[in-house]
Each structure stands twice: as C-alpha cells, then as structure tokens.
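> Whatever position you read off the sequence shown (first residue = 1), add 537 for the numbering used here.
Any given hint could turn out to be false.
Said to hold, decoys possible - With a cut-off of at most 30 Å between alpha-carbon atoms, the simulated DSBU-like pairs for lysine-lysine come out as follows: (1) Lys703 x Lys726; (2) Lys647 x Lys659; (3) Lys659 x Lys639; (4) Lys659 x Lys700.
Bear in mind the hints are in silico, worked out from the structure with no lab data behind them.
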Amino acid sequence: MTYPPAAIPSVHLVDDEAPVRDALAFLLQSHGLTVCSYASGPEFLALASQRTLRGCMVLDVRMEPMSGLQLYDELRLRGVPMPVLFLSGHGDIPMAVDALQKGAVDFLEKPFSGDHLVQRVKRALAIEAEHHAQLLAQAQATERLQALTDRERAVMRLVAAGKLNKVIADELCVAVRTVEVHRSRVFEKLQVRSAAELATLLAGLPPI
Numbered sequence: 538m539t540y541p542p543a544a545i546p547s548v549h550l551v552d553d554e555a556p557v558r559d560a561l562a563f564l565l566q567s568h569g570l571t572v573c574s575y576a577s578g579p580e581f582l583a584l585a586s587q588r589t590l591r592g593c594m595v596l597d598v599r600m601e602p603m604s605g606l607q608l609y610d611e612l613r614l615r616g617v618p619m620p621v622l623f624l625s626g627h628g629d630i631p632m633a634v635d636a637l638q639k640g641a642v643d644f645l646e647k648p649f650s651g652d653h654l655v656q657r658v659k660r661a662l663a664i665e666a667e668h669h670a671q672l673l674a675q676a677q678a679t680e681r682l683q684a685l686t687d688r689e690r691a692v693m694r695l696v697a698a699g700k701l702n703k704v705i706a707d708e709l710c711v712a713v714r715t716v717e718v719h720r721s722r723v724f725e726k727l728q729v730r731s732a733a734e735l736a737t738l739l740a741g742l743p744p745i
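With the hints as extra help, turn the sequences into a complete structure.
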C-alpha cells in the first residue's frame, strides 16, 4: 500500500478482516478523509517505528496476532499520541471502561451507523489537530526563548512574577532604564504584549 506523507492527518485503520477493513476505509474516504489501512497491529507498529504519523486510529478489539487493546498498550508505551477509537462486535462494559480510562477517545460496539462513526472520527481528528497546534506553538515558543540573553531571561522571570521595573532593577542591581530595555526586547522576541501574557506563555512550557 502507498501511504500518504506523514504530515497529512490520516485515519489509521487497523482490522485483520479484509472485507471489514475495506468497507470502513471506503466509508471514511467517501467523507473526504485520508485513510491508511493495516491488516494487523505489528504492521502498523512497523510503520510507526519509521515515521512520525499524524491523525487518529480506529482499532478493532479482536485481532490476531495482537488485539486492539494490546496494540493500544504498546502505543502508550511508545508515546504515540494519536487519539484512538475502538470498534468491537464482542465488547463488554469492563473492556470499554478499561480502554476509556487508559485514554481512548471512544469505544463503539458493532453494529453502528456509518454517520456515527464518521462523526466520532472527525471529532478525534479535531482533538489531534488541536494537540498538534499546541505542540507546534510550544516548540516555537521554546525556540524563541533560546534566543534570549542571560540578562533577558533574568528580567523575563521577574516580569512574569509580576514585579515592577524598579523592584527588578534593585534585585538585579541595574538601572531602571536597563530593565525597560530588556523587558521590551523580551516582549518583542517572545511575541507577547503584557506581563500576564508572558506568564501564561511560560506556564505552558517546561521549566527553563
């Protein structure tokens, strides 16, 4: 099979029954979604080990040689962040609860309507898109932080803590004008407009 570029958010469909897999792929594609189909969990893991994939996953619970739940556990161990929807014709409440408690976004029991599945898949893709945007914003902010000088970082931390320029100047033993210049440069480099916005930005990043 030819897989789309990794950057394209896709529905990664894993089901060991070819007729079911093909029918689901056709359904999702008819709604304009990009679909990658896999006949087993190991087949998906082989690709995931080589590429960073985007989108969401639709997993059948009962598969060989690796069940959907076993595949999901392996994905969690590997840190694969894609939202997962489970499909099952034999699922029970404890199985669904276990999957959802582990972080799955949905658990659909067969038979289900095609429209219902498509809606849930689109919701999962929206969740992934939002998460990806957050990660991208964090990466960009981290890159901008690395452009700060040591003095700018020191001023930044104190500004984010809500301290006034005069207080910062006293703590750093510099002139107030020096603080004003560094503060302006910090705001420009980090693309923020206020101390509150700066504090919010830093709260969403790893400690520096």
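> Hints numbered earlier in the text: which of these fail when held up against the supplied structure?
4
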